[in-house]
Amino acid sequence: MADAIIPDFGDDDETDRKLVIICSKGNLDMAYPALVLANAALGEGIETHLFFTFWGFDMITKSRMHDLQFSPVGNTAMHLPGRNTKMPQSLSPMPGMTQMATKMMKKQIADLGIPEVPDFLDQIVASGGHLWACRMSADMNKLEETDLRDDVEGIINATDFMEISEGGQMLFI
Amino acid sequence: MADAIIPDFGDDDETDRKLVIICSKGNLDMAYPALVLANAALGEGIETHLFFTFWGFDMITKSRMHDLQFSPVGNTAMHLPGRNTKMPQSLSPMPGMTQMATKMMKKQIADLGIPEVPDFLDQIVASGGHLWACRMSADMNKLEETDLRDDVEGIINATDFMEISEGGQMLFI
Amino acid sequence: MADAIIPDFGDDDETDRKLVIICSKGNLDMAYPALVLANAALGEGIETHLFFTFWGFDMITKSRMHDLQFSPVGNTAMHLPGRNTKMPQSLSPMPGMTQMATKMMKKQIADLGIPEVPDFLDQIVASGGHLWACRMSADMNKLEETDLRDDVEGIINATDFMEISEGGQMLFI
Numbered sequence: 001m002a003d004a005i006i007p008d009f010g011d012d013d014e015t016d017r018k019l020v021i022i023c024s025k026g027n028l029d030m031a032y033p034a035l036v037l038a039n040a041a042l043g044e045g046i047e048t049h050l051f052f053t054f055w056g057f058d059m060i061t062k063s064r065m066h067d068l069q070f071s072p073v074g075n076t077a078m079h080l081p082g083r084n085t086k087m088p089q090s091l092s093p094m095p096g097m098t099q100m101a102t103k104m105m106k107k108q109i110a111d112l113g114i115p116e117v118p119d120f121l122d123q124i125v126a127s128g129g130h131l132w133a134c135r136m137s138a139d140m141n142k143l144e145e146t147d148l149r150d151d152v153e154g155i156i157n158a159t160d161f162m163e164i165s166e167g168g169q170m171l172f173i
Numbered sequence: 001m002a003d004a005i006i007p008d009f010g011d012d013d014e015t016d017r018k019l020v021i022i023c024s025k026g027n028l029d030m031a032y033p034a035l036v037l038a039n040a041a042l043g044e045g046i047e048t049h050l051f052f053t054f055w056g057f058d059m060i061t062k063s064r065m066h067d068l069q070f071s072p073v074g075n076t077a078m079h080l081p082g083r084n085t086k087m088p089q090s091l092s093p094m095p096g097m098t099q100m101a102t103k104m105m106k107k108q109i110a111d112l113g114i115p116e117v118p119d120f121l122d123q124i125v126a127s128g129g130h131l132w133a134c135r136m137s138a139d140m141n142k143l144e145e146t147d148l149r150d151d152v153e154g155i156i157n158a159t160d161f162m163e164i165s166e167g168g169q170m171l172f173i
Numbered sequence: 001m002a003d004a005i006i007p008d009f010g011d012d013d014e015t016d017r018k019l020v021i022i023c024s025k026g027n028l029d030m031a032y033p034a035l036v037l038a039n040a041a042l043g044e045g046i047e048t049h050l051f052f053t054f055w056g057f058d059m060i061t062k063s064r065m066h067d068l069q070f071s072p073v074g075n076t077a078m079h080l081p082g083r084n085t086k087m088p089q090s091l092s093p094m095p096g097m098t099q100m101a102t103k104m105m106k107k108q109i110a111d112l113g114i115p116e117v118p119d120f121l122d123q124i125v126a127s128g129g130h131l132w133a134c135r136m137s138a139d140m141n142k143l144e145e146t147d148l149r150d151d152v153e154g155i156i157n158a159t160d161f162m163e164i165s166e167g168g169q170m171l172f173i
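Residue numbers (the working numbering), protein chains in the order written: chain A, 1 to 173; chain B, 1 to 173; chain C, 1 to 173.
Incorrect hints may have been included.
[Unchecked claim] Over 10 Å on every C-beta distance to chain C, these chain A residues come out as not near it, computed from the model: (1) Ile22; (2) Gly26; (3) Pro88; (4) Asp139; (5) Glu145; (6) Asp150.
[What the hints assert, rightly or not] As a list, the in silico BS3-like pairs of lysine-lysine whose alpha-carbon atoms are at most 27 Å apart: (7) B:Lys106 / B:Lys62; (8) B:Lys142 / A:Lys86; (9) C:Lys86 / C:Lys62; (10) A:Lys86 / B:Lys106; (11) B:Lys106 / A:Lys106; (12) B:Lys86 / B:Lys62; (13) B:Lys107 / B:Lys86; (14) A:Lys86 / B:Lys18; (15) B:Lys107 / C:Lys142; (16) C:Lys142 / A:Lys103; (17) A:Lys142 / C:Lys142; (18) C:Lys86 / A:Lys106; (19) C:Lys86 / C:Lys107; (20) A:Lys86 / A:Lys106.
Hints are computed from structural coordinates only; laboratory data are not their basis. From the three backbone atoms N, C-alpha and C, an ideal C-beta is built for every residue, glycine too.
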C-alpha cells in the first residue's frame, strides 16, 4: 500500500517469506510432502521451519527414522502397480502387505532420484531449514534430546511454536 | 496501519486475497473439503488454486476421477446410518464394505445437492479456479498431461508451486 | 514498511494475529493437535477460531464428543508401548483393538495433565476461543443446533467461513 512512498529494494517480499510445516504423520507417504515442499521453499530463499509432532515424531527419532513404512489400509486411492485397478481394501490388512507396499513405494521414490527421509532431512538442514520437536510428543513417547537427530534445534512447547510461526504461511500435514 | 495516509479504494483487501489448497488425498471424504472451500472462496472473489499431489492426483486423472471411493477403515468417527453407534473397526476391512460405504456417502452428498467430484471441478474452473498437477506425482504414477483433465493448467514442480502460493493462505488436505 | 512514519504502539502485530483451524477428523489422535495449538494461540493473545467439519463434527456433538476413539489401523507409526517395535498392521483391525488403543492413548494424555476433549474445549472457550459448526456436515449428519455444544457460536456455511478466516493463518487438521 505504501509503494509510492517506500522505494522497492528488490525481492524483499521474497526474503521476508516464511513457511512453517507441522509434520504430524509417521507413514512414509505423508512424510514426503513436507520434505519436498521444505526443500523447494529453501531453494526459493524462504525461511523454513519443520515442527515434528504426534506420529511425525518418528521422522526425527534416531531409532525409528530409518524404518518409516507405508500402509495401503484405508487408502482407497491405492492402485495395483501400473494399472488403474484399485487394491481391494479386504486384502490390505493381510500379513506382509505393509512390508510389500513400503518396499514398492521406496523403489518408486528412489527411481525419481529423491533421497530417503533421513538423508532428505540432512539436505534440508544443510540448506538452512530448521527442525523443531514437540514437547508434548516427546513426553508422550518418553523421549529426550539424545534420542533425536542432533540437528533438531530444540524440544519446544506449543507456545514457543506459536512464536516461531508468527507471520508465516502454515501447513498441517 | 497506513489508513490515515493511503485512501481506501473499497474492498482491495478482498480482491488481493489468495487461497491455495494442496489436495493430497484420493478418498472421497477428503476430496470434498477442498472443493467446498474452493467453491466458497471463488464466490467471495478470492483467487483460488488447487494443487493435486500424491493420492489427490486421482481427482484429476481421467481414468480414475469417476471412481473415488470411501473407506471406513481406521476412521473411528464412522457411525452406522442414522445412529450414534460406531461401526466396529473389525468389520470395516471386510469385502464389499468399501463399496457399501462409498455408495452411502455418495447418496448423502447428492441428497444435499452437491455435485460429484468431476462436475464440482468443472464448476470451480468455470468460476475461475486454477488446477495444477504435481510433477513428482505424475512421474510416480507414470502419467502425462493427456492422462489428466484438460483444464489442468500445467504439471508443475514444487518450486513453481512455491511461487504460485506466495502471499496466499494455504491448506494441506 | 511504514515504520518511519507510523509510530509503534506496542504489540499491535501480535494482537492483529488470527489463527483459524479446520477440524475435520474425529479420531482422538487428530482431535488433540487443534486443541493444543488453539490453547497456545489464545495464551499468546491470538484471535482463535475452530471450525468443525466432516468427521471433526463429532468433537462438538453432545452425544458423541465423550466417545472419541483411536485406531491404530493404517497407522504405521503405532508402536507397542515403551518399545520401538511397530504394531503389526495385520493385528490392528482385530476386535477389541480400538478399545484397547483408545484406553492406552487416553491414559498417556491424562498422565501429561492434558484434559479430555470436551473439557479442553470448555477451557478454550473460557479463554476466548470461537467454535463454529459446518452447515454441510450438520445437514449430512441430520443434526441441529440443539445437538451441539451450547458454546458453538453458529452453524455456518463455507462462505461465512471464508469471511471469518480472512487475514488469518489457516490449518486443516
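Taking the hints in turn, this is what the structure says about them:
1. Ile22: Given that some Cβ of chain C is not farther than 10 Å from that of Ile22 of chain A, nearest at about 7 Å, it is violated.
2. Gly26: 3 Å, violated
3. Pro88: Holds, because the least Cβ-Cβ distance between Pro88 of chain A and chain C comes to about 14 Å, which exceeds 10 Å.
4. Asp139: Contrary to the label, Asp139 of chain A does not stay out of reach of chain C, its closest Cβ about 6 Å off (not over 10 Å).
5. Glu145: 17 Å, holds
6. Asp150: 19 Å, holds
7. B:Lys106 / B:Lys62: 19 Å, holds
8. B:Lys142 / A:Lys86: Between Lys142 of chain B and Lys86 of chain A the Cα gap is close to 16 Å, so the pair holds against 27 Å.
9. C:Lys86 / C:Lys62: 35 Å, violated
10. A:Lys86 / B:Lys106: 18 Å, holds
11. B:Lys106 / A:Lys106: Status violated; Cα separation ~33 Å.
12. B:Lys86 / B:Lys62: Between Lys86 of chain B and Lys62 of chain B the Cα gap is close to 35 Å, so the pair fails against 27 Å, i.e. violated.
13. B:Lys107 / B:Lys86: 19 Å, holds
14. A:Lys86 / B:Lys18: 35 Å, violated
15. B:Lys107 / C:Lys142: Satisfied, since the Cα-Cα distance of roughly 14 Å is no more than 27 Å.
16. C:Lys142 / A:Lys103: 43 Å, violated
17. A:Lys142 / C:Lys142: 42 Å, violated
18. C:Lys86 / A:Lys106: 18 Å, holds
19. C:Lys86 / C:Lys107: Distance ~19 Å between Lys86 of chain C and Lys107 of chain C Cα, so the pair holds.
20. A:Lys86 / A:Lys106: Answer holds: Lys86 of chain A to Lys106 of chain A is near 19 Å, not above 27 Å.
Violated hints, in rising order: 1, 2, 4, 9, 11, 12, 14, 16, 17; the structure is consistent with all others.
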